[in-house]
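Q: Sequence:
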Amino acid sequence: MTRIGLLGGSFDPVHVAHVALADNALRALGLAQVQLIPAANPWQRAALNATEDQRRAMLELAIAGHDGLVVNPIELERGGATYTIDTLRALPAGARYVWLLGADQLANFCTWQSWRDIVGLVDLAVATRPGTPLAPPAELADCLREQGRQLEELPFAPMPVSASQIRERLARGESTDGLLAPSVAAYIAAHHLYR
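Sequential numbering of the sequence shown, starting at 1, is according to the UniProt record's numbering.
Bear in mind the hints are in silico, worked out from the structure with no lab data behind them. Any given hint might turn out to be false.
Stated by the list, open to error - FRET-style restraints, in silico, Cβ to Cβ:
| id | residue 1 | residue 2 | range |
| --- | --- | --- | --- |
| 1 | H192 | Q113 | 33 to 39 Å |
| 2 | R27 | D177 | 22 to 28 Å |
| 3 | G173 | R27 | 34 to 40 Å |
| 4 | L144 | D104 | 16 to 22 Å |
| 5 | S164 | P92 | 29 to 35 Å |
| 6 | G148 | A28 | 20 to 26 Å |
| 7 | A90 | A20 | 26 to 32 Å |
Glycine is no exception: its CB is placed at the ideal position from the N, C-alpha and C atoms.
Using the sequences plus the hints, can you model the full thing?
A: Here is the structure:
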């Protein structure tokens, strides 16, 4: 069965670590493609800065030329509060989906809406820091064992970049060289975002 990676996020803005993680997962996990899924209204974080259309446009620019990476606008089209479980239930059948997440997200995974149901619908692949063992919360480890599933490790050298850091630098008029794809940086400048 075809395996498809799913990378959700606010992508406000999308940066080089997002794309590197998706590219790495595609190769390391033998995926047919990785779908980047911009959130409409993520319930666990503050209001977003860029509009839905702007975040989608930046994603398209960021992955241009990266074979196997696509933008899936399913959450933007659905609108409203963004819950991973709703997205997974709406995906087409016939593929085996792999949800990609960072070790930081793994730590609070059990706070996600219907997280036990998520475990039943997708494989979980966690981007690990070199030399740091995978340590899922005890509740999640138990749930995985009960469902006969295991976490997949996605070795990924940490990249010191975050969207909040980029927004702060842009607000101060500082350089973001090396943090954003040049096409994304140009889009942000042209639309006067994060000023």
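Q: Where does the structure disagree with the numbered hints, that is, which hint numbers, in rising order?
A: none
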